[in-house]
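S.K.: Sequence:
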Amino acid sequence: MTPLHAAVAFHKSPAVVQALLDAGANVDGRDHDGRTPLHNAARSGDLAAVQALLDAGADVEAEDHRRVMPIDDATFYENLEVRQALLDAGASFEPTPTPTPTTGD
1 MTPLHAAVAF
11 HKSPAVVQAL
21 LDAGANVDGR
31 DHDGRTPLHN
41 AARSGDLAAV
51 QALLDAGADV
61 EAEDHRRVMP
71 IDDATFYENL
81 EVRQALLDAG
91 ASFEPTPTPT
101 PTTGD
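Using the working numbering, the letters of the sequence shown map in sequence onto residues 1 to 105.
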């Protein structure tokens, strides 16, 4: 995990995120699971961090090792403002069909 990953996941401090970006932090750096800082910000619901990362050119459709994108994290964790920001930035979203119970007939 990079300092930028940690800043968006735990600190929720726009000033720290911006300082790291200004210092040259890799906006699309990957952790051991292939997740970017945008994944972490989308999961934590930090709209200010999401916007800072998007403004810095973060890949809105970056996939981790399991093919999860930031919008999937925002949707799963019900971070609706973040989800909308990602959609506005061009993220695509294909909802997973809800499984239906079988009757066993």
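Derived from the structure by calculation, the hints contain no laboratory data.
Every residue gets a Cβ at the ideal spot worked out from N, C-alpha and C, and that includes glycine.
Check the hints yourself; a few may be wrong.
Pairwise CB distance ranges, derived in the manner of DEER restraints [what the hints assert, rightly or not]:
{"hint": "1", "residue 1": "GLU78", "residue 2": "GLY24", "range": "30 to 40 Å"}
{"hint": "2", "residue 1": "VAL16", "residue 2": "GLU94", "range": "25 to 35 Å"}
{"hint": "3", "residue 1": "GLY57", "residue 2": "VAL16", "range": "16 to 26 Å"}
{"hint": "4", "residue 1": "PRO3", "residue 2": "ASP59", "range": "11 to 21 Å"}
{"hint": "5", "residue 1": "ALA19", "residue 2": "GLU94", "range": "33 to 43 Å"}
{"hint": "6", "residue 1": "ARG67", "residue 2": "GLY90", "range": "26 to 36 Å"}
{"hint": "7", "residue 1": "MET1", "residue 2": "TYR77", "range": "16 to 26 Å"}
Only pairs whose alpha carbons sit at most 20 Å apart, straight line, appear in this in silico SDA-like list of lysine to any residue [as the list claims (entries may be wrong)]:
{"hint": "8", "residue 1": "LYS12", "residue 2": "TYR77"}
{"hint": "9", "residue 1": "LYS12", "residue 2": "ALA48"}
{"hint": "10", "residue 1": "LYS12", "residue 2": "ARG67"}
{"hint": "11", "residue 1": "LYS12", "residue 2": "VAL27"}
{"hint": "12", "residue 1": "LYS12", "residue 2": "GLU81"}
{"hint": "13", "residue 1": "LYS12", "residue 2": "SER44"}
{"hint": "14", "residue 1": "LYS12", "residue 2": "ARG66"}
{"hint": "15", "residue 1": "LYS12", "residue 2": "ASP28"}
{"hint": "16", "residue 1": "LYS12", "residue 2": "ALA23"}
{"hint": "17", "residue 1": "LYS12", "residue 2": "ALA25"}
{"hint": "18", "residue 1": "LYS12", "residue 2": "ARG43"}
{"hint": "19", "residue 1": "LYS12", "residue 2": "GLY24"}
{"hint": "20", "residue 1": "LYS12", "residue 2": "ASP31"}
{"hint": "21", "residue 1": "LYS12", "residue 2": "ASN26"}
{"hint": "22", "residue 1": "LYS12", "residue 2": "MET1"}
{"hint": "23", "residue 1": "LYS12", "residue 2": "GLU78"}
{"hint": "24", "residue 1": "LYS12", "residue 2": "SER92"}
{"hint": "25", "residue 1": "LYS12", "residue 2": "ASP22"}
{"hint": "26", "residue 1": "LYS12", "residue 2": "GLY45"}
{"hint": "27", "residue 1": "LYS12", "residue 2": "LEU47"}
{"hint": "28", "residue 1": "LYS12", "residue 2": "GLN51"}
{"hint": "29", "residue 1": "LYS12", "residue 2": "ALA56"}
{"hint": "30", "residue 1": "LYS12", "residue 2": "GLY29"}
{"hint": "31", "residue 1": "LYS12", "residue 2": "THR2"}
S.K.: Give a verdict on every hint.
M.R.: Tested hints:
For the pair GLU78 and GLY24, the supplied restraint of 30 to 40 Å holds, since their beta-carbon distance comes to about 33 Å. About 33 Å separates the C-beta atoms of VAL16 and GLU94, a value consistent with the hinted range of 25 to 35 Å. The supplied range of 16 to 26 Å is met by GLY57 and VAL16, whose beta-carbon atoms lie about 19 Å from each other. Range check, PRO3 to ASP59: Cβ separation about 19 Å, and the 11 to 21 Å hint holds.
For the pair ALA19 and GLU94, the beta carbons lie near 36 Å from each other, so the given range of 33 to 43 Å is met. ARG67 and GLY90 have their C-beta atoms about 18 Å apart, which leaves the hinted 26 to 36 Å range violated. With their beta carbons about 18 Å apart, MET1 and TYR77 fall inside the hinted range of 16 to 26 Å. Between the alpha carbons of LYS12 and TYR77 the distance comes to roughly 16 Å, so the proposed pair stays at or under 20 Å and holds.
Taking the CA atoms of LYS12 and ALA48, the gap is about 8 Å. The hint holds against a cut of 20 Å. Restraint check: the Cα-Cα separation between LYS12 and ARG67 comes to about 25 Å, which exceeds 20 Å; the hinted pair is violated. Taking the CA atoms of LYS12 and VAL27, the gap is near 16 Å; set against the 20 Å cutoff, the hint holds. About 15 Å separates the Cα atoms of LYS12 and GLU81, which keeps this hinted pair within 20 Å; it holds.
The hinted pair formed by LYS12 and SER44 meets the criterion: a straight-line CA distance of about 9 Å does not exceed 20 Å. Only pairs whose Cα atoms come within 20 Å are accepted, and LYS12 paired with ARG66 is rejected, the gap being roughly 25 Å. Using a Cα cut-off of 20 Å, the hinted pair LYS12 and ASP28 holds, with the two alpha carbons roughly 18 Å apart. Only pairs whose Cα atoms come within 20 Å are accepted, and LYS12 paired with ALA23 is accepted, the gap being roughly 18 Å.
Only pairs whose Cα atoms come within 20 Å are accepted, and LYS12 paired with ALA25 is accepted, the gap being roughly 17 Å. Restraint check for LYS12 and ARG43: the C-alpha separation of about 12 Å stays at or below 20 Å, so the hint holds. About 19 Å separates the Cα atoms of LYS12 and GLY24, which keeps this hinted pair within 20 Å; it holds. Restraint check for LYS12 and ASP31: satisfied, since their Cα atoms lie roughly 19 Å apart, inside the 20 Å limit.
With a CA separation close to 18 Å, the supplied pair LYS12 and ASN26 stays within the 20 Å bound. Of the supplied pair hints, the one linking LYS12 and MET1 holds, its CA atoms being roughly 16 Å apart against a limit of 20 Å. Of the supplied pair hints, the one linking LYS12 and GLU78 holds, its CA atoms being roughly 17 Å apart against a limit of 20 Å. The hinted pair formed by LYS12 and SER92 fails the criterion: a straight-line CA distance of about 25 Å is larger than 20 Å.
Under the criterion of a C-alpha separation no larger than 20 Å, the hint pairing LYS12 with ASP22 is consistent with the structure, at around 17 Å. Only pairs whose Cα atoms come within 20 Å are accepted, and LYS12 paired with GLY45 is accepted, the gap being roughly 9 Å. This hinted pair checks out: LYS12 and LEU47 have alpha carbons roughly 9 Å apart, not beyond 20 Å. For the proposed pair LYS12 and GLN51, the alpha carbon gap of about 12 Å is at most 20 Å, so the pair holds.
For the suggested pair LYS12 and ALA56, the alpha carbons sit about 17 Å apart, so the restraint of at most 20 Å is met. For the hint linking LYS12 to GLY29, the alpha-carbon distance of about 18 Å falls within 20 Å, and the restraint holds. Of the pairs offered as hints, the one joining LYS12 and THR2 holds, with about 15 Å between alpha carbons and a cut-off of 20 Å not exceeded.
Hints 6, 10, 14 and 24 from the list above are not met by this structure, while the remaining hints are.
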